[in-house]
Each structure stands twice: as structure tokens, then as C-alpha cells.
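K.L.:
Given chain X, work out where chain D should sit, using these hints.
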Amino acid sequence: MKPGERKLPELFRPGRIGKFATKNMIKYGACCVSNYNTRDGFISRRELARTKVIAGTGCGIITNQGAYPDPLGEGKAYFRQIAIYDDKFLPQFEEIAGYIHDAGAVAIQQILHAGRYGGIDLGYCLQPSIVPQTLPHFRPPREITKEQIGAVVRQHADAARRAVKAGFDGTEVTSFMGYLLATFNSRFTNQRTDEYGGSVENRGRFMRELITAIKEATPDNPLIVRLNGAELMDRWGGNTEDECFELMQQAVDCGVDMISVTVGWQEAPESSIGRDIAPGHWNYLAARAKKLFPDTLIAFGNRLPDPVMANECIHKGEFDFWEVCRPLLADPELVHKAAEDRLDEVRRCVGSLNCLSRLFRDLPYTCTMNPALGHEVEPEYQVKPAAVKKKIMVVGAGPAGLECAITAAKRGHDVIVFDRAERIGGNLVAYAANDLARVDDLMSIVRHYEVMTKKLGIEVRLGTEVTPKLMRSVLHQYDVAVVATGASIDRERLQPIEGAERMLDAIDVAHGRVPTGREIVVVGGGKIGLVVAEALAHKGAKVTIVERDKRIAGDVMPSFKWRHSAWVDELGIETVTQARVVKVTAQGVHVVAERGGEHVIPADTVIAAAPRRPNQGLFHEFEWMVDELHGCGDALVPRGLDAAIHEGFRLGARI
Amino acid sequence: MTEIAARAKFAATPGIAATPGVVATPGIPAMPVQAAADAQSDVAHWQAVFDASAALFAELADGARMGLIAQPGFAPAGRRLAGLDAAAAKCAGLPMLAFEATAGRVGVRREPFAGFGGARLDLLFVADEEARAELAATPVDATLRAMKRLIRRGNVMFFVFRTRHELQEAGYEDFLDSLGLAFLGACR
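Chains X and D, in that order, are what the protein sequence lines are. Take the first sequence: its letter number 621 is residue 621 in the working numbering, and every next letter is one higher. Count along the second sequence from 1, then add 1000; that gives the number in the working numbering.
Looking at chain X on its own, in the form it has when it is part of the complex (with noise of 0.2 Å):
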């Protein structure tokens, strides 16, 4: 047993599902799509690679992506969704299979019709009843026929004798999100007359349907079925928990082998999974259902990403298995490390919801916090020994210079980083300080470069400003230099305003480093701006936010625009925008909006949080100083935290 393992007994003590052993009580759960494949359902080279990664992650379970059951293409939520419609399908479903068997774990694939949220090649979507969107990404919805419903039952019976057939040991549907069994189940898209509508009975019947169908179909192979234990939609019309927990008790009593408890649908009106919600906060919903249904298994895992808790909630009896995704998308190794006792090596998810923001894009996904995600194909983003080992300086030790560092350093490179700043972490250090959704979230990041360097033996000199004078005394020792110096207000480009030398930088009012009144303008409404706003807010002062764009947030991830506009609001910050700062008093800031006229806002502080320049003085400086000079982060262009880890990553992985 691996120490870690002694730890964290009730996660790794070996389980069961159906007639199958598994080695711990991990699930790995078929979050969402990956949209890498084809437009036409055929799994890509690409999601195979990805795939052999997800199965190696060390989980007793393994459920692959959801694949649509109908070759109309009802069923399917995303561009690029595989399909399982069809045997022609079957090879690559056959390889993933032996992926997971080889991993050791018990391998699962989900069938998925997006119902509400399907046809998004089709133009219309199907649903019980024509309920309109709330979401203008989805399409216009069709009633669902009874002949039709009868089509979908045989399709997923189909579906899951065909995943059976590649290999697979068991199936899983869900009721997640709004997809189509969910929308049965809802009252809120469930509006029928007949048999399929009305009560909850009537409601849960195409479940049930459904459960037997796949039963039947299957009868040696568990069946999972996820359920909401909340849609967070009750306020619209939806369902509560208590009648969520009533059609749990159907699957029951239909022989389902596992419910796996979720919680909200894409277009609640409040967060699930979010940064903005506490870890551990849906953890009753889980709770409930075990013990209601003591002899079904239960897995659950939403908002859920510390394998500590996950043991601790098994042991006390709250669920049998943990289902985890998004934070083993961040770190594939998760699992590993834990059973290692190296959970401090750990990547958390820090809940940026970058990958889901991406899939309504209709881009593949990516992480924040891996950038090889989605490229394990790509021999670029493979971490290989350099071929030649190098002495590396890098300076700044914000993201993007940490993960240069860290990525080079595990390759056998040489390094040191600088950084005039007494402490690692740059500019995101204040970022999380001032964050209203999770402090935590942000700062696990910074934590872990700390552990990173030190584990990696990378020297850090803090304290330590890099000047050309410096350079030319140490040039001789390296043989490539990295500047990844940030970016900062670009306090040249405020010149024209008069009294500009009045404003505070928003990168030192997010420090703490100067002080400020409790009448405050913010101009620049961008991330920094909003977040140095909402802080200043949070603490009672009165703040208003002018942007000469349109609207605010116009660099903040979409996933995420709405919780900035939420606390916008709630915080009564006010929002000038088409409007240009002119000039800066002692009273306050004038003011021109794009279609004229001038007004003066009155301030006691008025702080710039825009426009940004990359620090790329180095740069220019080293150039001739020595062999091998790159830049990466926001010392290229400022961007923000994705494109410094990415680019500090693919950069460390090339030198």
C-alpha cells in the first residue's frame, strides 16, 4: 500500500460495480464533451490521445464522454460529439475500451441526447413540450412524439448493446444539465397531458422507460444514471428537491446499479460549479441519497475537487464513490499523487470554467491550469529530456516564468529565477488578494510553484531586480534568458489627460501598496479594473468604472462576465462607458462621453487600471547580451493568466 493510500483509506479500498472489481472508489465522470473530433460522430487521433491520458489517471472507474444515440443527430449537443448510433463507430470505441482495461479500471460510456440542449446541427431541438429557450445557443424546440419517444428508448437500448459489444463494461445516461431525460423528469420542459406528463410518476415514465430498455439490453452490465439531487431551476417552474429525490427512488426500483447525483441545469439562474461556490456545498444532496437508497451505490463529485474531503464524506457514509473530472483534467496525475502523499504537487482546478466556455464556442476545450490538455497528440507539448542541457535564467516570477521554469527544470535544464518582488507569484498574487469569488482558488496556484520550485530544486532569487548592469556580470553564466516580466499601466498613453499623474495604478492599489479614499474612480473596466472595483466596493467605498468601450468585462473569460455584472450590481458600483477621461481635479474626473458632452464625476481617488504595455525593456536590452532570448506572458502582450501558464509552459517544454 503507497502512503498516501494509508491516508486516504476509504478512497482507495477496492470496490465493485455490478460484476466488476474496482480498485478504488474513484469515478472518473463524464463531465463534458471534448469537441475534438469529427464533425460527422468518428472519434479523432486527437481524443484517443487525450483518452489514453484520462484512463491512466489512476480511478477505479472510467466513463467515457457522452456519444448521441440517434443518426439524426437529435441527440447531439456539440459540433464535434461522437456518435454511437451505428457499428461503424465501433472500432475507436473498441480501442478507448482497451485503454481503460489496461489502466485496470472498470471502463463506462455514457450515452448522451441533449434534448433541450441537442439538434444543434438540425436547427430545432426535441423536448416533451415546447418549452422556448432561455439560452439563445440552443435551437427552437419540437414536441417529442410517442412514436418518437419509443424511437429514442430503442436507440439508447441500441446504443448501449453496441458499447457493450467495443468492449465496454456498462453505460451510463444522464439527466444532467437539461439534457433530454432530464427535461422529462423537469416540470419545467415536462408541460405533457398523456402518460409521459403531469405527476412525478407520469414525469419519471420515459426514465424508467429508459432503465429497462438498457437492462434488458445489457442485463449482465451495471447501469449508471446520473440525477439531479437539485435543478437549481425550482424558482422557474422546475423541480425540488424533493420530487428530484422522488425520481431517484424510480431509478431505484427499476434496478439502476448506480446514481450518480448532480446538481443544476446550463441555464440556472445560480452557480453549481463555480469558483464562486464553496467546495463541499452540494455535499447534502449526496448525503440524502445515500440514505434514502443505502443499497444502491452513489457517486457524486460537483463542486468536490479535494480527494481529503472525498475520503473523509465516504467515511462517513454520504456516498460510495467520488466522481471527479474537471479537477483531473487540471492534473491528470491527481490520483496518483494522492496516493503518493503528494497532494501538495497537486494542479487544482481552480474552477475558471475556461473549458466550458470554450465548448459553447464550439471549440474544442482546453484548462487553464494544463496546457497540455487537448494536445497530448501534439510531441510540442511533451515534456521529454533536453536533449542538451542548458543553464537557464528566467526573470519574473509570475506564472508565466514559474511554469518556464518548472517545465524546463523537469526536462533536466539548469534554472534560476529573478524577480525584484519579495515573494513569487507577480501580479496574481494581488489579483487573488482582491477576488470576491475564492481567494483560495487563485492562490493554490501560487502555492504551487512554491512547492515546485523547491521539489525541483530551483533556485529563486527574490528581492532581486534584473538590470542590464546585472546582466552584464552574470551574462557569461547562461546560455538562454527568459524575460517574463508582466505587463503594467501603460502610463505614457494617459499623458494627454490632464492631471494624469493624479491617478493611482491599479496594479499598486491591488497590491496594498498605496492607499485610498471612499470616493473612488476606476477607469478601464476590463478584469483589473472590475477586480480592483469590486474590492473597493466590497470594503464600502463609493465606485464608479469608466470604459471608453461598449461594455465592460470585454476581457473577462464569458463563463465568467456574469458574475462580474451580478457584483457590479449588488455592490452598486456605476458603470460610464463610451466615455473618456479628460481630465483629473482634486474634486474628481471630467469626463466626455463618445456622443459629447462632458460631466465631471466626483473622486477623492481615481485610479488607472488601463491600458496595459508589456514590460519588454529587457528585452530589447539582452538582445545582444546573450545566446538565447525569449519572452512569454504578458511581457509579449498582455493578455492574463491562461496565455502566461500556456506560453510559459509550451516555451519550457521547447528550449
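Since the hints were made in silico from the structure, they are not lab data. Using N, Cα and C, we set each Cβ at its ideal position, and we do this for glycine too. Check each hint, because a few of them may be wrong.
Listing some non-contacts, in silico: residues in chain D with all C-beta distances to chain X over 12 Å [stated by the list, open to error]:
| # | residue |
| --- | --- |
| 1 | Ser1041 |
| 2 | Ala1044 |
| 3 | Ala1048 |
| 4 | Gln1071 |
| 5 | Ala1136 |
| 6 | Pro1139 |
Only pairs whose alpha carbons sit at most 25 Å apart, straight line, appear in this in silico DSS-like list of lysine-lysine [claimed, not checked]:
| # | chain 1 | residue 1 | chain 2 | residue 2 |
| --- | --- | --- | --- | --- |
| 7 | X | Lys469 | D | Lys1148 |
| 8 | X | Lys539 | D | Lys1148 |
| 9 | D | Lys1148 | X | Lys550 |
| 10 | X | Lys410 | X | Lys384 |
P.N.:
Chain D only, in chain X's frame:
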């Protein structure tokens, strides 16, 4: 020609006259004088809201249409609003405020809600009792912000009848963004 543009051709029906005590819109059941007066003030209130926020709707194509249903007692059992079509059928001509863009201005009028299929809407807002009261009591310049808050709180339901691209083409992006509504999927 888009469907929205085509609609503009037959969208010239004038709004009801602002005469207290008169229920002039065909298809709407007769109302008590006070209710009719409330209805008139609703029209005037929302017209002022749209006029005050004209920049937000400046890019709306002619014929772009939104609806607001905010009827006392319409949201039975709290907020069980999903049966809107069934409720609309039962109410046979449930009053709705229609907001329609014509020649650069959003006009407001009352008309009977003809169900999801017949209302010829791009967007529909359905307010429960709490939202109705709050919206009615909110000053013109704060109404859209109140709407945003009420949507977030779940007091106002919001339906779309057009795809993202159609809504973008019809000039809704600024308005939807101002309400904090996810233009794409919103897995949170």
C-alpha cells in the same frame, strides 16, 4: 429579408390610446377602471424606460419584438410559470406589453399574448407578482437595472425565440449584455 425585417411590414398597428378607464385593445378581456389605468401607466412607464435608454436599443432592426407579461395572479403557486402556453390558452388573451422597434425607436403597446407560437416575439419576459410590484415601483431610470436583478433572482423568467445569430443580427447584443444574460451557454 429576415423574418424580423419582414415583420416590420405589418407592424404598424398603433398602440392603445392613453385614455384612463378605456380598454381599447381587441382580444383583451374587459378590465376594471383601476386595472385599466394601471395598464395605461405600465405602457407610459415602459415607453419612458425605452426612450431614456434609447442608445441601448439604437441597433435594433425594425420589427424586433419583445414581450413582457406581468399580470397579477398569473404566477400561480409562487413561481410555477413554465406552463405559460397552457396558462395563456386558459386566459385567452392574456395581456402582454409588446415592445417593438420601428424607425429607431422602441414603441410600447398592450396586446393579447397569443402563446409562444403566435406571439411573434424574439424575447419574452414573464414577471411574477413580486417582480411586477417591484418594476411598477421603480423609477424609469432604474427599471432596466431592476429587471436585471429580478432575472438573476428568478422573479422574471426570460425566453428566447431566436437563435444567437438572429438576435445578433437584429441588434439585441447590447441589451442582452446589459441585462447580464449569457449570450452563450452558461454552465456555472
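K.L.:
Each hint should be assessed against the structure and marked as holding or not.
P.N.:
Structure-based check of all given hints:
1. Taking the minimum C-beta to C-beta distance to chain X, about 26 Å, the non-interface status of Ser1041/D holds against the 12 Å cut.
2. Residue placement check: Ala1044/D keeps its beta carbon more than 12 Å from all beta carbons of chain X (closest about 26 Å).
3. With a closest Cβ-Cβ approach of about 20 Å to chain X, Ala1048/D is found to remain outside the 12 Å limit, as its non-interface label requires.
4. Distance check on Gln1071/D: its Cβ is at least 16 Å (rounded) from any Cβ of chain X, clearing the 12 Å threshold; non-interface status holds.
5. No Cβ of chain X comes within 12 Å of the Cβ of Ala1136/D; the nearest lies about 20 Å off, and the non-interface call holds.
6. Separation of Pro1139/D from chain X is adequate, the least Cβ-Cβ distance of about 15 Å exceeding the 12 Å criterion.
7. Restraint check: the Cα-Cα separation between Lys469/X and Lys1148/D comes to about 56 Å, which exceeds 25 Å; the hinted pair is violated.
8. The hinted pair formed by Lys539/X and Lys1148/D meets the criterion: a straight-line CA distance of about 24 Å does not exceed 25 Å.
9. Between Lys1148/D and Lys550/X the CA atoms are separated by roughly 18 Å; this keeps the pair inside 25 Å, and the hint holds.
10. Simply put, Lys410/X and Lys384/X have alpha-carbon atoms about 8 Å apart, close enough for the 25 Å limit, and the pair holds.
In summary, the one numbered hint that this structure violates is 7.
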